[in-house]
Structure formats: C-alpha cells, structure tokens
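Asker: Protein chains in written order, with the numbering used here: chain W, 13 to 420; chain Y, 1479 to 1589.
Just so you know, these hints were derived from the structure itself, not from any lab. Any given hint could be a false lead.
To be verified - Here are the computed lysine-lysine pairs in the BS3-like style, where the Cα-Cα straight-line distance is at most 25 Å:
| no. | chain 1 | residue 1 | chain 2 | residue 2 |
| --- | --- | --- | --- | --- |
| 1 | W | K416 | W | K396 |
| 2 | W | K172 | Y | K1550 |
| 3 | W | K174 | Y | K1480 |
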Amino acid sequence: MTAPEEVRAAVAGAYRNEWGQVVATLIGLTGDWDLAEDCAQDAFAAALATWARDGVPARPGAWLTTAARNRAVDRLRRDKTRMANARQLAVLERDPVVSQVEEIPDERLRLIFTCCHPALPFSARVALTLRTLAGLSTGEIARAFLTAEPAMAQRLVRAKRKIAEAGIPYRVPPAELLPRRLSAVLAVLYLIFNEGYDEVDGCRALAVEGIRLARMLVRLMPAEPEARGLLALMLLSEARRTSRTDDGVLVTLENQDRSRWDRTLIAEGVATLDHALASRRSGPYQVQAAIAACHATAADTEATDWAQIAALYTELMRLAPSPVVNLNRAVAIAMAEGISAGLALVDELAGSGELDGYYLLPATRADLLRRDGRLAEAAVFYEKALELAPTEAERRYLAARLRKLRSR
Amino acid sequence: MKYVLLICDDETVSPSMEEIAADPAYRAYEAEVERRGGTLGGARLRPVASATTVRVRDGETLVSDGPFAETKDFVGGIDILECADLDEAIALAALHPYARHGCVEVRPVWE
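Bound-form chain W, shown alone (with noise of 0.2 Å):
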C-alpha cells in the first residue's frame, strides 16, 4: 500500500510529464484521436486505484501506455463488427507489448507537427496542441481564450475530423517541410505563451504550458536552434514578468525593479540561446532571445547596449519584417544615436499608416518627445495613445505620465 497523497501525487506529476506521450503513442497506433483520449484518461483513472495498491511503477510513463493500449484492446474487440476497429486491433496485437521494450519510441512529435499542420486553422492549432500534448481539458482552454466550452468542444471536433478526412499525415514532415512547418509549430508555441504572458492578473497556467512545451521540442529536436531560440525568449521575457507592474499599473523596462528579476530564469535562458547561436543558424526567434538577454543583462538603461540591440533590430527586419519590428528599431536607434535620428524614424512608419490604431506608436512618440524636453508635444501623443490603449495598465501607466507632465 501506498499513501493517498503520495500516489495522487504521483499520477499527477505523470499527467503533466506523461499525457501527451500517451495520447501520441496510442493515436500513432490506433489512428484514432479521441479513442486515444479517452484510453489515456481511462489509463489514469486505473493509476491512481492499481499503484495505491502495488505501489508507483519506476517508468510511469511505461505503465500509462500499455494500460491504455490495452483498454484500447478492450474496446475495440467489444465492437469488432467495424472494419476499421478490425484493422486497428491487428495492428496493436502484432505490435510488441510496450511493457517489454526498453525504450517507447517518443511519439510527441509526430503529434505535434499534427496538430500544428496548416492546412488547420489556426485557432484550433493552438486548442488541439493544449489538449493532445499538454493534457488541458477542453473547459481549460475555453476558459484561456474566454471561449464558452461548447464552442471550444466544437473547434475540437471539427479540427480532428479534418485531420481523418482530409488525409493529414500523423508524421514530423520531411527535410523538404521541415523549416515552414517547424515554424507553424514555434508560432502555436509562442503563442500559448504569450496568452499567458499578457494576462497580468491571474492565468498564468498557459504561460507555463508554453515553457514546457517549448523544453519538450528542444529535448525531442536538440539540432534545431529556433526551437532553443523561442525556450530563450520565453524563459528571458518569464524572467522579468513580476516587474511588468505594480499596482496594476504598466512599468516600462526603464522603471522595473532589477533586483526583482529572476537571475536562474535569466542565466537559463542566457545558456539556452548561446547553445543555439553556437550552430549558426540565425532566425527570428534567436534574434528576439538575443534582444532579451541584452536588456536581461544590463544593470540599468543607461549601461544597455543600444547599438547592439539596434543592429539586432536591423537583423530581425530582414528575418521577420514587420511594422512593430520598425517600432522597437526606431527606439533602440533613439537610444543609441540619438532622440531626433528615432523621431525621424517614428515620423516615417507614422506617415507609412501603417500602424494607425496601435497605441504603441503615439506612446512611443510622447516618449522620445519628452527626453527631447519637447513637454507640450509629448502630451498630445501620450493622450493619443490613452484613447487606444488596450489594457487598464496600460492605461493607467500613459494618465500618470499625463500627471506628471501637467504638473511641471
């Protein structure tokens, strides 16, 4: 006999290290999304009664998957009288005992470039990822992305129905799609982080999820350095959350309390992207990692390697260009050689319109403007950017600027 709390325990830390492993072994026998689901659910149900009784397995994982394979046995001769099941159950009666091999084949990434394919809308990308890999029930999710459970249920559905209908192999792609579709797979990832990430009160758990997902790529694909790139942009960004505010109210990177960033989760990350950068390899993900860790190692704004961070800039634009991507390079350039050579840059992407609407543009503005000492100019675009700011810490950091500026 084992004690309750020890084996809940237990099944738990397997749940988290051992469900998506189950999930993909038993699909990549079965063929059979929601058969696997439920036999890796039927499989923790029965952990938690058998190893109270006979005690933790040393491989949990080992144990999880052959009770599933064998609950899918169960199922499958109960109704032989489908084709189909016939034929999954040949297959997993010829298959040898997954209790006898050594290893079990790490399944997870099949798994995952399945769920990232993008013949799949995105949104569902991101659900079913959640789901089959990282073990998140549906009224998680739906609760993360503010969706009512049934819809998020239906987004399930319909995406693995397109999976068996239309044919989308269970397989990490050849070299030929390797690159694109690794980076639909990178993207799915750093979004479940960044949703974490961005909610300031309360729900961290996808954050989390993000981090774990992104070790797990790292550990199945050890060769490819973006995987390592956004693991150290997840783990530099993690680092310095607790200091994005304070009171509800947004503290811009110049105002955070450094001591109160994390110096493990930063050398992590540090160590992370010089293991990538060590294959030189360059892409959008070690780039941004690299911007990070320059911030993430500099004891003040002053001591920041602004040059650097603007050269990095440059190369990110030519990676990934984008309109916000100019943004930043416009402010490191400000920093580096000066307020009016950013302002000039800022005065370009303003007039390109092609970030009407985006309040970072009027607040960045109001920013340069007022270390240019030009207070009454910095006022109009910090109100700008009031009436479009998205979060109520946002909103609240550009009204105390506000403050301060009438108050001079």
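Knowing the structure of chain W, use the given hints to seat chain Y on it.
Answerer: Positioned in the frame of chain W, the structure of chain Y alone reads:
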C-alpha cells in the same frame, strides 16, 4: 486517398488548350503527376460565362445563368488524383501553374 484539385482563377487570361499544353510549367506539373502514379481523370471547363446553375426548390427546377456563387475566382478545371496524404496533394497542387495566379482548392473525395 483520392483528392480532387479544383483549379481556380479569375479568368482575366484564358490560354488556349494548345498554349496550355505547350506551357513548360504545365508540362512539369503533368510529369510530376505521372511520376506519382498518374491522374484518375480530370477536365478543363469552359469559362464561367457558359455556366448554368440548376436548383430544385419545392419540386420546381430553377435554372439560372452563371456560376453558383459570386466570387473572384472560378473553378476552371478539375483533376482527380490518388495521393498518400494531404501533404502529397498539397505538393502537386502547388506545382499546378494556376496556383501562381489563381488558386487550387484541394478536396478529399467522399469514399
């Protein structure tokens, strides 16, 4: 699996059958389809101006001029292919010359 490629474009250019047959991009597409096992059938369709749409509502056959929907791109031909999976169908669709100025919709066949 069987897939139908719906070859679509906006019909601003309408090459003749001979021009299409002589187009190196089209020949490359055909050669690749052949290499992967050949086509199960296909057809080039006359422009949408020659289309007629048929609906039956309340037992009455309604015939109208033109295509079934107001869109920019129209189906100008179909190709029926046997492929291992969607990725193979996408690879062939991407090779079709119309994918460059129109689009190719890939639809699995209900089997």
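Asker: Which hints, by number, does the structure contradict?
Answerer: 2
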